[in-house]
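If you're matching them up, the sequences are chains X and U in order. Taking numbering that gives the first Met the number 0, I'd label the letters of the first sequence as residues 0 to 984. Taking numbering that gives the first Met the number 0, I'd label the letters of the second sequence as residues 0 to 186.
In case anyone wonders, no lab produced these hints; they're calculated from the structure. Glycine residues also receive a C-beta, built at the ideal position from the N, C-alpha and C atoms. It is possible that part of the hints are untrue.
No more than 20 angstroms apart at the CA atoms, straight line, and that leaves these computed lysine to any residue pairs for SDA-like [stated by the list, open to error]:
1. 80(U) - 471(X)
2. 80(U) - 706(X)
3. 719(X) - 14(U)
4. 197(X) - 42(U)
5. 42(U) - 660(X)
6. 196(X) - 32(U)
7. 788(X) - 14(U)
8. 265(X) - 22(U)
9. 234(X) - 127(U)
10. 978(X) - 863(X)
11. 14(U) - 734(X)
12. 786(X) - 127(U)
A few chain U positions that, by computed beta-carbon distances, are all more than 10 angstroms from chain X [to be verified]:
13. 24
14. 86
15. 102
16. 110
17. 132
18. 161
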Amino acid sequence: MKPSRLKNYGKINRNNVLSFTWDNKKYKGFEGDTLASALLANNIGVVGRSFKYHRPRGIFSSGVEESGALVTVGLKDRRDPNVRATTQELYDGLKASGQNAFPNVNFDLAGINNYLGRFFASGFYYKTFMGIPPFEWGKGTAIWMFFEKFIRKAAGMGSASTLPDPDSYEHAHDFCDVIIVGSGPSGIAAAIEAAEKKLDVILVEQDSIIGGDQLSEYEFDSSHIENQIKNLGIKVMTRTTAFGLYDNCVVGLLERVTDHLSLPDKTLPRQRFWTIRAKHIIVGAGAIERHIAFNNNDIPGVMTVNASKHYLNRYGVLTGKKIVISTNNDSVYETAELLSEAGANVTVLDSRTNFEIETNTTFEIRRGYVPYNINGSKKIDSLDISKSENINKSETINCDQVLLSGGWSPAVHLLSHRGVKPKWDYENACFLPSDTKENITMIGSSRGLWNKNDCIASGVAGATDALNRLGISKTNYFFPKPGGWKNPIKPLYEVKYKKSRSKSFVDYQHDVTSDDVRLAHREGFISVEHLKRYTTLGMANDQGKMGNIIGLSLMADLLNKEIPEVGTTVFRPPYTPVSIGALSGRNVGKHFRPLRVTPMHQWNIDHGAKMIEVGLYQRPWYYPKENETLSDSYIREATTVRKTVGICDVTSLGKIAIQGQDSTEFLNRIYSNGFSKLQVGKARYGIMLRDDGIVMDDGTSWRLAENEYFMTTSTGEAAKVMSWLEELLQTRWTNLSVNVTSVSEQWAGVSVAGPKSREVLNNCVVDSSVVTNNNLPFMGVTSTFLKGKIPCRIARISFSGELAFEVYVKSDFANTMMDLLWENAKKYDGCLYGLEALGALRVEKGHVTAAELDGRVTIDDAGLSKMASTKKSYIGSAMRKRGVLKNNDREVLVGFFPANLKETFNAGTIVCEKNNIKGQGIGRITSVTYSPELRHWIGIGFVKGGLYRWKDTTLVGADPVRNKQMNLKIVSPHMVDPKGEKMHA
Amino acid sequence: MLRHSALDTIYKVGKYSSSKKKSLTFKELKSLEFLQITCWPDKIDEINNLLIKKLKIKNIPGFNKGILFENKSLWRMEPLKWWLFNKEIEVSEQIATILDMSHAFTGIEIKGDNSSLFLNRHLPIDLRAGNFPDLSSASTAMHHVSVKLFKISSNNYCLFIPRGFALSIWEMLLETADQFGYEVLER
Chain X
0 MKPSRLKNYG
10 KINRNNVLSF
20 TWDNKKYKGF
30 EGDTLASALL
40 ANNIGVVGRS
50 FKYHRPRGIF
60 SSGVEESGAL
70 VTVGLKDRRD
80 PNVRATTQEL
90 YDGLKASGQN
100 AFPNVNFDLA
110 GINNYLGRFF
120 ASGFYYKTFM
130 GIPPFEWGKG
140 TAIWMFFEKF
150 IRKAAGMGSA
160 STLPDPDSYE
170 HAHDFCDVII
180 VGSGPSGIAA
190 AIEAAEKKLD
200 VILVEQDSII
210 GGDQLSEYEF
220 DSSHIENQIK
230 NLGIKVMTRT
240 TAFGLYDNCV
250 VGLLERVTDH
260 LSLPDKTLPR
270 QRFWTIRAKH
280 IIVGAGAIER
290 HIAFNNNDIP
300 GVMTVNASKH
310 YLNRYGVLTG
320 KKIVISTNND
330 SVYETAELLS
340 EAGANVTVLD
350 SRTNFEIETN
360 TTFEIRRGYV
370 PYNINGSKKI
380 DSLDISKSEN
390 INKSETINCD
400 QVLLSGGWSP
410 AVHLLSHRGV
420 KPKWDYENAC
430 FLPSDTKENI
440 TMIGSSRGLW
450 NKNDCIASGV
460 AGATDALNRL
470 GISKTNYFFP
480 KPGGWKNPIK
490 PLYEVKYKKS
500 RSKSFVDYQH
510 DVTSDDVRLA
520 HREGFISVEH
530 LKRYTTLGMA
540 NDQGKMGNII
550 GLSLMADLLN
560 KEIPEVGTTV
570 FRPPYTPVSI
580 GALSGRNVGK
590 HFRPLRVTPM
600 HQWNIDHGAK
610 MIEVGLYQRP
620 WYYPKENETL
630 SDSYIREATT
640 VRKTVGICDV
650 TSLGKIAIQG
660 QDSTEFLNRI
670 YSNGFSKLQV
680 GKARYGIMLR
690 DDGIVMDDGT
700 SWRLAENEYF
710 MTTSTGEAAK
720 VMSWLEELLQ
730 TRWTNLSVNV
740 TSVSEQWAGV
750 SVAGPKSREV
760 LNNCVVDSSV
770 VTNNNLPFMG
780 VTSTFLKGKI
790 PCRIARISFS
800 GELAFEVYVK
810 SDFANTMMDL
820 LWENAKKYDG
830 CLYGLEALGA
840 LRVEKGHVTA
850 AELDGRVTID
860 DAGLSKMAST
870 KKSYIGSAMR
880 KRGVLKNNDR
890 EVLVGFFPAN
900 LKETFNAGTI
910 VCEKNNIKGQ
920 GIGRITSVTY
930 SPELRHWIGI
940 GFVKGGLYRW
950 KDTTLVGADP
960 VRNKQMNLKI
970 VSPHMVDPKG
980 EKMHA
Chain U
0 MLRHSALDTI
10 YKVGKYSSSK
20 KKSLTFKELK
30 SLEFLQITCW
40 PDKIDEINNL
50 LIKKLKIKNI
60 PGFNKGILFE
70 NKSLWRMEPL
80 KWWLFNKEIE
90 VSEQIATILD
100 MSHAFTGIEI
110 KGDNSSLFLN
120 RHLPIDLRAG
130 NFPDLSSAST
140 AMHHVSVKLF
150 KISSNNYCLF
160 IPRGFALSIW
170 EMLLETADQF
180 GYEVLER
């Protein structure tokens, strides 16, 4: 094959010459070329190697259905594999290479597979490598996993870059009355009709310019249509593929923003992932020309007929000099004429005998003839043909190209995404779209219309259908009848020459042959879904665009059924591949999740905090001094708190405003302990249960006024508690006058803890009398002012077990508060402390957090039975009395010491009896720390029966993950100041 | 009293994307002041009358609508919930509850020819004039974070982001804005 660029053909810009490299060699093309057209123009025939047999492959098509010219574009971190050369626009400096070959696609060592092909039939890998014949050696998963990596390497396609993707991607949303997919004659007609009727229209085109199949017409010029569309206010999205339809007229689209640019603007994303919500969808996605299965039908030089027409009239490339066209329908004759006029020697083999065709150019038509074998390896040398009625070798034609047209398949994929099954049309030998009640209309050749005038008429009808369905008009309309050829198509899917073993390909991309379909039938995989999975027919980015119908027809033939009886597989999104980057959009790197910070985030960092992620929050972990490790730091911080004073950012706690006349009743119902007698100016620790009696969360509620509370929740459960309270008010207790509002962002909070905390606060508040023991006793609450007239709320609450206060100010005052508190804390040799020290302090006190309250623990398990009121009903009060939750054998909160105090242990350690170290044991350690106060490691967790059952027994801590084991003593969880004298000081 | 914004550390006034026309401007709303008014379901008429009287306005905005008066505004955010900006008000707790939310959100004014296009890079809201006219509001989500959007006039929006997420969302907004060309204005 020696393609050539013709002078007077094509819509390329010959004034703009582009350089590109293919397999490290430099070539030239023009603006407007695709990589495929430029390769063809440079006489490059072999552009890939096939998936399994590593057979040389050329360019089969000119569009998204391409399954031969899958290439790798770009280098290093921008290496993009499996790009269809037929849709990749050429740009200056483009670097492309063949893939799935070593050393290159022209000479591939793995080409040996082609000669061993008889061993590589469908199912070969699974049959062979899950137990090596003849003795089934190594049978099982292990041996498969051993071989799998070699098989994958041998059978793979291109390889993706392992480097981080340097490009950005983004998501976008849009809305319209009507979205029209496809800018062929029907799509343009629909868009104009809808826009003239004042609808808001978006026209989507996957190509770089509008026109669709009209771009293969010699005379077609899209510019005047573009002007008309622009004047009507139609939004045109080129280089954008509608890859999927979803519920409620939602369309998923991928816009290739810079993939065609040599030097892309760095501010632009590479691709944009659109979600467009329309009121009506019109699909004019066209139709895809099928090939015909026969021996060696994949030799480079084989192409669909329509593709050749596109290369001629759009790119000015004559794809062959001596061309044989094989067909069973009328659609090829215009192309044959054009190719002949362009200088090619054309012969048409038509499997039909009785038909009438009018042509202006002289080319040979062989009626009743079909091809059955191509001779050649990397290029076509000749074609063996035969009478279609009796397949025997009769003649060989010398040629350099074979163009195939086995009929057309309307692109019903998008409609199929909505679960609409296509219906088989015998007259046109193709699946046609079925009707749907959704606001989706199919137009043009995607509803089986083969001539341009019918397509235009269907576009107008489609727009009218949309107007009617949207209730804007009630206009009568009709769609032209499917078809449009003068002579009927004669189904032709495979030409089988029985005397020779053949490789007649049904699905080029996965090397699925007609013999593979027969093997699937023999082995019982006769359902189309089984056929697909057994042979891989129609998988990957091809998604059955070219080979599905042929595979189905073969199976139907084997089953003695008609194609509609065999059925078709469901096409799923995406229609064409969508990169992972586009799916992610901007949600990558540090924006993988939304980052949440407290108002004193920067203040904490400026004061030496090392931060840690807690859920979405960034919280201070520890504040190391010079050369301090995490351990050094938190031990120092916890020691300082016990000795003098420490300040800790506790803003991440959930905060909920509860307002209204029934607020007290509301709290009384949701907490297990009583709130009805809580006085204004007092706070109370409360526990919330779920309906099933298990602990949901704990926290404090401060009574600010008669009908107003300020509730705090744990950090991790804040959103859950807020939703729970809203649900209760909206569904169960609709008669309660209570409003709940999250004020987590409104208030910034710190804990000031330690024996000197009151003195620090004394120095910080305007009126120091408000924080005296009398005026602010344990669990007392006051609203006052910090110096600088900063309004604040202070509660005397302790998580550390020390004399402690929680101070809240409105968030924008947080930094001022921190400056003030820290300045005064320093006077007492105080410290800032982080989450690690906070953890150490609370473990010493046996205070529970989410590590303990893990959704399995009851109020009794947590040792908080006294907080379960017996005088009232509350959420979970009935279910907590179930027998299974009252069992004496339940795991109960305890403290743990290592028997040898020099030893350490970890959270997650399983607690076992000495002679029974197995399974889940009799308990678990949930939190551990080095106790600065006790000077050894301690832990809290749960053990069956609790402290009194095991207090005199040595148990074993088993930590199989870390291969550790230690003896344990069970102690009270309240390991420091068990009577709480410090916090009441 | 000096208020510290969530954006203080990264708010850099200036023009960006020098090669492009500046089609967007960003401005943080300084020292936001607003109250949330939540009325009881059977007190809608009372609260309407009370707001008309106390705010000296002619009509109460409909659901997801707002009104501007003097340098103040009132927005009906939910069927029973209003946001009142720059105005103190007292209401009987028999009719409604009032809550100061001034520090809970970071407000950003986004203006410019491409502001709708820009916002739709993040927000799944139909911002076309017919669907989202001037003085409309919406509760929506940006990067999984619940946000509120006000349309003041054509190509003039206010976005309210929960304060703790403002830093992160601001960075994402500017990343996206880069392609349009933008300017960050003095607060």
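When you check the alpha-carbon spacing of residue 80(U) and residue 706(X), does it fall within 20 angstroms?
Holds - the C-alpha atoms of residue 706(X) and residue 80(U) are around 19 angstroms apart, at most 20 angstroms.
Assess, step by step, whether the Cα of residue 265(X) is no farther than 20 angstroms from the Cα of residue 22(U), and give holds or violated.
OK: residue 265(X) and residue 22(U) at ~17 angstroms, within 20 angstroms.
Non-interface claim for residue 86(U), where every Cβ of chain X lies beyond 10 angstroms
18 angstroms, holds
Could you let me know if the closest chain X CB is still more than 10 angstroms away from the CB of residue 110(U)?
Per Cβ check, residue 110(U) is outside 10 angstroms of chain X; nearest 19 angstroms; holds.
In terms of Cβ atoms, is chain X entirely out of 10 angstroms range of residue 24(U)?
17 angstroms, holds
What's the verdict on residue 788(X) and residue 14(U), does the C-alpha distance respect the 20 angstroms limit or exceed it?
37 angstroms, violated
Agreement of residue 14(U) and residue 734(X) with the hint, judged by alpha carbon distance not exceeding 20 angstroms:
Violated. Residue 14(U) to residue 734(X) sits at ~54 angstroms, over the 20 angstroms cutoff.
Regarding the pair residue 42(U) and residue 660(X), is the alpha-carbon distance no greater than 20 angstroms?
Status holds; Cα separation ~14 angstroms.
Holds or violated: residue 197(X) with residue 42(U), Cα cutoff 20 angstroms?
Judged against 20 angstroms, a Cα distance of about 43 angstroms means the pair is violated.
Starting from residue 719(X), check that the Cα of residue 14(U) is at most 20 angstroms away, please.
Answer violated: residue 719(X) to residue 14(U) is near 42 angstroms, above 20 angstroms.
Has the given pair, residue 234(X) with residue 127(U), been kept, meaning a C-alpha gap of at most 20 angstroms?
13 angstroms, holds
Holds or violated: are the alpha carbons of residue 978(X) and residue 863(X) at most 20 angstroms from each other?
15 angstroms, holds
The structure is inconsistent with the numbered hints 1, 3, 4, 6, 7, 11, 12, 15 and 18, although it conforms to all the rest.
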